[in-house]
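One-letter residues, chain by chain:
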Amino acid sequence: MRSLEQRLQLGLSLSLLSLFAILWFLGQKSMNELTHEFVVSRLEHDIESLLSAIKISADSVKIAQERVAPIYQQPFSGHYYSVSINNAPAIYSHSLWDESLISPRVKAGGRILQTTDGPNNQKLLLISMGFNKQGQNISISLGEDLSAIEVQKQKFKNRFALFSLSGLIILLLLQSIILRLSFKRLELLQTEIQRLGDGKLIKLSDDVPSEVLPLVQEINHLLSLLEQRLMRSRNALGNLTHALKTPLSLLYQYFDHNVSKEHEARTYVDRINRLMDRELKRARLAGKGTSRQRFNASSELPELIKVVKQIYSHREITIDYQLSDTLVPFCDREDMLELIGNLLDNACKWANNDIHISLTNPESNQVSIIIEDDGQGVTEEQIDSLTRRGMRLDETLEGHGLGLSIVNDIVKLYGGSISFVRSSSLGGLQVKIDIETRLD
Amino acid sequence: MRVLLVEDDETLSATLQQDLSAKGFAVDIANNGVDAEFMGNEEPYDIAILDLGLPQRSGLEVLTNWRSQDNKLPVIILTARDAWHERIDGFKAGADDYLGKPFHVEELIVRIQALLRRAHNLPGKGLNCAGLQLDEEHQQVKLASGETLSLTGTEFRLLRYFMLNAGKILSKSRLTEHVYDQDFDKDSNLIEVYIRRLRDKLGKERFVTRRGQGYIFKDSA
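These protein sequences, in sequence, are chains A and B.
For the first sequence, position 98 (counting from the first letter as 1) is numbered 98 according to our numbering, and the numbering increases by one without interruption.
Just remember that our numbering sits 1000 ahead of the position in the second sequence, which is counted from 1.
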């Protein structure tokens, strides 16, 4: 069974049920014994008094009726006796009327307890005891009809059953409510973990039942470890690349001063720079499932556009943007800035004046980014080749160099798609990117 | 034009200083963040080139401090860290331009010139003023008549400063500060000599003398 709750529920219910069953059984048993004991002790008493009512003279045996309880006189009262002395026929109580009571003869000192059928289909508890009185062997059997007691017993049993059953139901209900409530706190943890996966949380809250606290702490520990490791490896790569860039700058400067010479060496330096840049940017990509900051288009995009415009401030470029209202922060902030930044940068290189960017979410877990420019520089063949070559790109095509290849890396990382067409509204290149934003 | 070059790699800063000087800039170098912040606040620089990865105080911090003290010094960030989110951080801190390493000196110079024009509210491609067109590449000036005159290094720097600040009274000490680097002997009367030379070349009427105050470069011919 997978669910802890169901398991607990079942376990607790079973133990409750067995507890009630035992209770039931013991209750029945002790009540039976109790009534039995009670009846038997009463009968024993009656035997005593009956015995004392037997008058034995030399020639006859008489029972002094006045000393016998009147209940034995009433026909079929449910209380009967039979007295046998020596081998003489048994004397029956008046209550038996003309019926007889089949009863064993018991030797003096003997005692037999049994149930037997009495008159009028009565069920009798029969006690037979043997005595020796004045040299005579007397065997007395007393019977008492149990049906009245049985009725009482049954009544009690019914009441007891009703009581137990309702108690059981109430307890089961209570137990299930308590369990549900306890597990509610675990559900909170579950939604937290989900939010963690979505990157809306950085760590799990410590406010959990103590049973799962070690688990939560362990998860948090692993998260921070993972984050640290990621940071370390990224930083190491970043530091190396950044450290290499200054000497690379010096090499650039060297070749700037010696323009005619060593043209080839210069292209090598260029290549090293490109490779470093690309690998650095790739390593930086966070991708899905990280707990870093999301990209909030409505606040970040205007900032980004401002930066792009500042970089291209020597040109008259207007960048319009359009965001759909339903857009929520998505993906990783730095990844998206890199993606859109590079696309805008490319668009600026190609555009005459106008660039248009729009971010929409056609479906809840999808974002569409469309960037169009009014540049005439791209030919149909180039658009074709961009699409056809699946952007393995064309690091040679001016302006669509490194920028687009990192764009491609990001799109791939998010399992998205990229397409190039001629912009119908602006006439230049239109780049359309669809990415999945569900982070799992 | 005085440039504050903040770069901790000495070889790179030395090369850059050479290249920038050749283009008529007076360059001072700071190789750590603390010195850079102090110099940027104390000396009347026209532009700063700021590396971000600096010892003692990061470039971004230096820039933020300048801006919080209302120091409007135009700043070009020159850094190996050129991811888009880093650029955004740079511009948010108050940078005016951003150039990633490695870079070509010409690109840096083009950006410095463009930023200087922008900082002086002179948009457009070249430096044009009062019928004169300054060729910053070849350090020449083109007259309205079409005649081209070459300038010496100091003449060029002086004229560029005048053209960027046309119509304003410029004191001799201010001119000295912006044309020479901090090691120059400020008592010198050389400025007068160079103004006389510019007057000879471009016409006396362009440079008006204000007794006790300084000079004005007339912005309309």
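In case anyone wonders, no lab produced these hints; they're calculated from the structure.
The beta carbon of each residue, even a glycine, is placed where N, CA and C say it ideally should be.
Hints should not be assumed to be uniformly reliable.
To be verified - If you only want the chain B side, here are some residues facing chain A, beta carbon under 8 Å, derived:
#1 T1011
#2 H1085
#3 L1143
#4 A1144
#5 G1146
#6 Y1194
As the list claims (entries may be wrong) - Just the calculated beta-carbon pair ranges, DEER-fashion:
#7 N258/A / G1146/B: 31 to 37 Å
#8 Q1140/B / V328/A: 32 to 38 Å
#9 S298/A / Q1213/B: 50 to 56 Å
#10 E1147/B / S368/A: 55 to 61 Å
#11 Q1069/B / Q194/A: 45 to 51 Å
To be verified - Far from chain A, some chain B residues (derived; all Cβ distances over 12 Å):
#12 D1019
#13 M1039
#14 N1041
#15 W1084
#16 H1104
#17 A1130
Could you work out which of the previously given hints the structure breaks and list their numbers from low to high?
Going through the list in order, the structure violates hints 3, 4, 5, 6, 8, 12, 15 and 16 and respects the others.
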